[in-house]
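The lines below spell out each chain.
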Amino acid sequence: MKSNIRFVNAFMAFYIIHTSQIGMGILGVPRIMYLESKKDAWISILLSGLFVSLITWLMISILKKNEGDTLFEIHEHIFGRLIGSIFNFLIVIYFIAVNYSITISYVELSLTWGYEGVYEWVGVFALLILSIYAVSGGFRVVTGVCFLSFLLTIWLLFVVYQPLQTINLTRILPIMTTTPSEIMKGVFKSSYTMLGFETLLFIFPFIKEKNKLQLFSQIAVWFTTILVLITTVVSILFFSAKELEKNVWPVVSMISTVHFPFIERFEFVAVPLWILVIFPNLCITLYISSKGIKQIFYIKQKYGIWLISIILFICSFLITKRVDNNYFFDQIGKIGFFLWFIYPIFLYGITIIKSKINTRSRRS
Amino acid sequence: MKKKIVILVCSLLCTACMAPEKIIEMQGISTIIGFDLLDDNTYKGTISLLQFDRKEEKTSVTLSAEGTTSKQIRQKLEEQTSHDITSGQLRTILFNKNMAETGISSFLDTMQRDSIISSLIFLAITDNAEETINNTNYEEYPEMGSYIYQLLDKHEKKEMLVNSNLHDFITTLNEIGIDPTLPMIKNSNGVAPFIDGVALFKEDKIVGSISLINTLYIKLFTNNKAFLGDITLEIAAEELEKRGIAQPLPKSDIYKITLHPIKYKGNIEIKNEELVHLNATISVSTLEFQPYTSLKNKDSLNKMELLIGEALNNKFGHILEELKNLNTDPIGIGRKIRSIRKYSHLTDGDLRQIYPALKIKPNIKVEIKRTGSVD
Amino acid sequence: MTDRHNNDNFPGYEKIKSILNESPDLMCRKLEVGQVGIHIIFMKNLIKPEILNEFVIKYIEELSVEYLHYTYLMKNIPIEEIKVNLEEQEVISSLLNGFAYIYFLDEKKAIIVNCANPIERSIEKAETESLVYGPKISFTESLTSNVKIIRQNLNDYNLCTDEIKIGERVQKKVRIVYIKDIANDDTLQTLKERFEQLKTDNISDSSVLAQCLEDNHYSLFPQFILTELPDRFIYSILNGRIGVFIDGSPVGIIGPANFFSFFESTEDIYLRWSLSTFIRFIRLFAMVGSIFLTAIYVAAMTYHFELIPSKLLFIIGQSRSQVPFPPLLEALLLELLIELLREAGARLPSKVGQTMGIVGGIVIGQATVEAGLTSNILIIIVAFSALGAFSAPIYEMGTAVRIARFPIIILAGVWGLNGIIFGICILMVHLLKLTSLNKPYLAPLYPLRMKDLQYFLIRLPHHFYMRRPLVNRPKDSIRLKERLRNITDLDEF
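Residue numbers (my numbering), protein chains in the order written: chain A, 1 to 364; chain B, 1 to 375; chain C, 1 to 493.
Any given hint might turn out to be false.
[To be verified] Quick list of simulated restraints, FRET-style, between CB atoms: (1) A/Asn326 / C/His217: 45 to 51 Å; (2) A/Asn326 / B/Glu66: 34 to 40 Å; (3) A/Trp155 / C/Phe325: 31 to 37 Å; (4) C/Ser477 / A/Asp324: 55 to 61 Å; (5) C/Leu312 / A/Ile345: 53 to 59 Å; (6) C/Ser130 / B/Thr136: 55 to 61 Å; (7) A/Phe260 / B/Lys369: 48 to 54 Å; (8) A/Ile154 / B/Gln75: 40 to 46 Å; (9) C/Gln454 / A/Phe260: 30 to 36 Å; (10) C/His463 / A/Trp155: 29 to 35 Å.
[Said to hold, decoys possible] Computed cross-link-like contacts, DSBU-like style, restricted to lysine-lysine with a CA-CA straight-line distance of at most 30 Å: (11) C/Lys451 / A/Lys208; (12) A/Lys246 / B/Lys242; (13) A/Lys321 / B/Lys71; (14) A/Lys38 / B/Lys205; (15) B/Lys22 / A/Lys38; (16) B/Lys22 / C/Lys311; (17) A/Lys39 / B/Lys205; (18) C/Lys451 / B/Lys71; (19) B/Lys22 / A/Lys242; (20) A/Lys39 / B/Lys359; (21) A/Lys242 / B/Lys71.
Read the hints as simulated data drawn from the structure, not as lab findings.
Even glycine gets a Cβ: it sits at the ideal position worked out from N, Cα and C.
Could you put the whole structure together from the sequences, leaning on the hints where they help?
Pasting the structure below:
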């Protein structure tokens with residue numbers, strides 16, 4: 001089977017990790033951060049970026065110790081087939097939930113901006129078709145989607161230029177007025193936006209030059225951090241405190257003050273364009289979870305994709321209320337934090353112990 | 001075969017769940033809406049609609065209705081027309097003065113919540129919104145909404161207004177330590193509406209107004225690339241004499257000077273709790289001297305600069321006094337105070353108390369860069 | 001096997017006649033020189049009478065009797081191509097290809113000599129692909145002359161022209177043309193395997209062959225470049241691609257193709273780099289505009305009128321004021337009308353076709369707007385997208401773009417801008433999945449090869465092109481060891 005795997009260049013890891021981090025989270029992150037750590041949200045983001053960067057380093061060390069397996073395989077090696085499978089199953093459920101959270105929050109955004117009156121399941125259905133079509137093309141296509149959607153949407157960054165004209169620097173001053181505990185809460189809350197770097201644990205076997213991976217994943221993680229930082233800082237400078245606390249998607253509201261001579265209301269273009277931003281997220285989460293299903297149940301990945309899609313589609317009739325969604329995203333952020341910020345540290349410890357035991361037993 | 005069935009089912013589903021259509025000619029596209037306060041709690045809303053599915057000369061229609069909330073007014077307006085009223089192209093909201101005196105934030109809240117309404121729409125104050133919208137002198141524009149939009153857009157683009165769109169207004173309204181301003185539109189018989197001064201707000205209530213020319217003092221400190229407008233000063237002859245500036249030959253009692261600002265830099269400097277300096281430097285070119293005065297001499301140029309600066313400071317001082325009396329802070333001095341660590345705990349109420357007692361020292365410097373093509 | 005011609009399996013006149021269903025064209029010239037009886041059998045219309053008279057009949061008549069036997073004639077007959085020891089089936093097919101069958105009655109043996117007189121068009125200017133600069137010569141229907149053109153222009157002993165035959169009933173000769181030390185072996189192998197798997201009755205043109213060889217038969221996009229320009233063919237082969245000719249078609253097939261190669265024309269090389277780069281961008285933008293512009297109109301008119309700037313709103317609104325259809329229907333009608341015009345123009349003789357275009361374009365366009373059936377803004381947009389589709393240098397890509405437009409328009413009519421983005425995503429994934437001869441279609445964009453972008457997206461001055469593009473994986477990627485001409489800085493003025 002392994003001979004069929006198509007390898008991708010190490011620099012593609014940059015696009016994969018970056019695009020799976022950036023998604024729906026960045027649209028709402030300024031508000032979430034502001035609610036926790038107020039004017040000093042940018043400190044929280046930098047700390048969070050540092051943290052993510054360390055975890056990324058740790059993850060690559062784990063992967064290198066395990067000779068190019070995915071996390072699913074590592075679990076089976078370490079914990080054995082049964083317990084490993086339970087762990088893997090939990091991870092699969094996590095990724096399905098992430099996929100759903102991205103889908104439903106995008107659909108909600110889209111319905112707010114110009115598509116009122118459409119059922120949620122229609123949007124979910126359309127996004128599912130897209131991701132099924134992409135994922136069925138295999139890893140090469142998923143990477144391609146990451147790469148192209150990055151190219152097609154990165155210019156949105158320059159749109160910030162217009163809001164920059166009306167910002168007021170006094171809004172972020174004075175710095176360092178929040179307590180360290182509030183800043184740490186901000187770091188915790190930023191997890192939903194920063195998550196996505198865990199993809200690394202699943203793409204490792206497909207990377208051609210594994211020694212360059214560290215470099216490119218660090219670049220990706222820091223690039224994401226800088227993007228989140230820019231959006232947050234600009235939002236804080238752009239909005240008054242009260243507005244920022246009220247706005248669900250401050251970034252979209254900020255984009256709504258952008259206009260071009262040929263497009264009057266840019267937000268109505270930006271919201272559909274955001275499909276391209278979340279498309280890699282959806283593909284990667286669907287890919288990883290279907291890969292997990294394949295690993296656990298020994299069924300073809302194709303069936304895994306269909307199974308997960310059906311689950312997601314059924315979900316689209318269940319959780320649709322704004323309040324439920326908020327709770328849902330919050331929970332995912334929390335679980336994600338423990339799963340990918342804390343758990344890798346334990347995993348690192350376990351692999352080291354395991355490898356020592358192995359070498360010892362080999363010696364004796 | 002399986003693939004084909006899947007594709008077929010998908011496309012059928014896609015067409016089955018079309019998004020709600022908003023075909024352009026089925027819409028009554030509102031471009032301007034005006035609110036008038038009738039009595040206690042009743043408002044009159046007037047809108048100008050573009051409707052495209054009719055003969056060319058009848059594309060615009062003006063409708064009015066009364067109600068207690070903006071949404072109720074809208075419902076009543078909807079009853080009067082065969083089109084769906086949409087606000088996607090809404091460009092201006094007018095409030096009449098009485099209404100602005102009672103507060104407009106509740107209206108603005110619904111506007112902001114509605115994602116279909118742009119956050120770049122202009123807000124303006126007028127005496128009677130209904131009459132303004134019904135005014136038929138809109139030059140070659142298709143209807144009143146487009147005319148007023150162009151009018152405000154021109155001023156906005158050249159940064160002649162302080163802040164007038166919905167986003168700016170709401171942001172300044174919500175911000176602690178700065179008060180919003182809005183342009184006032186004057187409507188009189190026989191001419192097209194025009195801008196006549198800027199309304200000053202305290203919270204969301206109008207408290208006073210200043211002329212468009214005097215907004216230059218506000219713009220110096222709130223915006224760093226605004227169009228200040230030409231400054232015209234009158235200086236008594238004795239002043240010139242006192243300072244020893246070369247007198248031109250045909251003597252005159254009053255000298256008129258018009259200056260054209262090239263660039264400027266403004267800065268609010270908080271000295272201490274009671275003292276605030278408003279420092280600004282304006283580079284100008286002289287447009288007009290009446291009668292002709294020579295500024296060849298470097299010494300007399302410097303003196304002239306000082307003189308003009310003093311005149312401006314003097315005028316600014318008066319305006320600041322007035323602002324303090326009204327207890328409105330369009331310059332954002334309170335905001336600047338709060339950005340200093342010592343005072344960052346101050347609340348809106350605290351600032352309102354401090355402000356009238358605050359010593360504010362205007363300190364405008366003028367620098368004559370160019371004198372046109374003659375000395 | 002060596003004894004085969006000693007056997008009695010050379011068919012006589014009667015037998016051939018019966019196999020060929022008593023064809024009236026079948027002729028038998030019965031010669032008797034001395035005691036030796038010789039039948040010369042041929043198809044009347046397929047041979048060149050001068051050759052037969054001069055070099056066969058006259059030659060045989062003038063021979064003295066002792067030389068008049070199979071062995072001598074086989075060795076000495078003054079005709080360049082002869083065939084001996086053939087199966088019955090091959091004899092018949094040779095006859096049908098214009099060969100003459102010289103049968104020795106006594107020896108019961110025969111020689112088959114080439115007197116073919118194939119109908120050939122003279123080499124003319126290319127018609128479907130036109131260049132302002134550069135060679136005007138184009139391929140013809142004859143395989144031999146096509147190979148001749150290539151050989152003449154590409155004098156390299158490593159140029160291989162492998163011949164294979166395909167078709168069950170109608171056998172056709174196919175030539176695979178490549179340069180042995182440049183073309184990638186894997187690609188060549190893939191192509192040859194495709195030919196082996198190809199089971200077909202008859203291939204009527206190279207475009208059919210290209211479709212049979214494609215990786216994905218369902219795709220909208222062409223996966224081989226079809227060209228009638230020898231210079232383009234040679235240019236591609238020199239860059240490591242593989243070309244295919246089939247007898248009877250004036251169009252060569254080039255593969256593996258990638259998406260961007262459909263937007264390059266050899267003229268880009270002939271013109272100066274600045275203009276070529278500019279034109280390449282224009283072509284790409286025209287293609288994008290051609291696919292999406294009408295769809296954007298539909299989306300904006302149906303769902304997103306708030307996007308339109310105030311000044312434009314009034315113009316657009318007025319232009320649509322009398323239109324009785326929803327924008328989707330209006331756009332589809334007009335697009336279909338344009339396609340109809342194009343089709344009618346293409347089918348009619350060129351002179352009538354021109355009138356047709358004028359009638360359709362001006363009269364119908366004007367009338368529909370005046371009748372209020374369409375808005376004039378849409379007419380401009382549709383005309384632009386038609387132009388955009390035709391700006392692709394390869395006709396097939398133009399057709400693909402024209403077809404790709406319709407689903408996007410429908411999506412825009414159903415879901416507005418979201419639908420368009422949905423379409424973009426589907427298109428993107430489709431292009432990512434697509435391969436041509438197992439080589440990725442979107443190369444060099446994905447997989448990204450920065451160094452190759454200079455070949456496909458832009459064009460630099462010639463001295464930059466030191467190597468061949470890597471997307472085709474050439475064996476020998478170095479084109480020039482040294483710069484074309486060392487451009488030195490002149491220090492003296």
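Do the hints match the structure? See the list:
1. A/Asn326 / C/His217: 45 to 51 Å: holds (48 Å)
2. A/Asn326 / B/Glu66: 34 to 40 Å: holds (39 Å)
3. A/Trp155 / C/Phe325: 31 to 37 Å: holds (35 Å)
4. C/Ser477 / A/Asp324: 55 to 61 Å: Roughly 58 Å apart at Cβ, these two residues keep to the hinted range, so it holds.
5. C/Leu312 / A/Ile345: 53 to 59 Å: holds (57 Å)
6. C/Ser130 / B/Thr136: 55 to 61 Å: Given range 55 to 61 Å: holds, Cβ gap about 58 Å.
7. A/Phe260 / B/Lys369: 48 to 54 Å: violated (34 Å)
8. A/Ile154 / B/Gln75: 40 to 46 Å: holds (44 Å)
9. C/Gln454 / A/Phe260: 30 to 36 Å: holds (31 Å)
10. C/His463 / A/Trp155: 29 to 35 Å: With a Cβ separation near 33 Å, C/His463 and A/Trp155 satisfy 29 to 35 Å, so the hint holds.
11. C/Lys451 / A/Lys208: holds (19 Å)
12. A/Lys246 / B/Lys242: violated (59 Å)
13. A/Lys321 / B/Lys71: holds (24 Å)
14. A/Lys38 / B/Lys205: Cα-Cα ~29 Å, so holds.
15. B/Lys22 / A/Lys38: violated (40 Å)
16. B/Lys22 / C/Lys311: holds (20 Å)
17. A/Lys39 / B/Lys205: This hinted pair holds, its Cα atoms lying about 28 Å apart.
18. C/Lys451 / B/Lys71: violated (60 Å)
19. B/Lys22 / A/Lys242: Not OK: B/Lys22 and A/Lys242 at ~33 Å, beyond 30 Å, violated.
20. A/Lys39 / B/Lys359: holds (29 Å)
21. A/Lys242 / B/Lys71: holds (24 Å)
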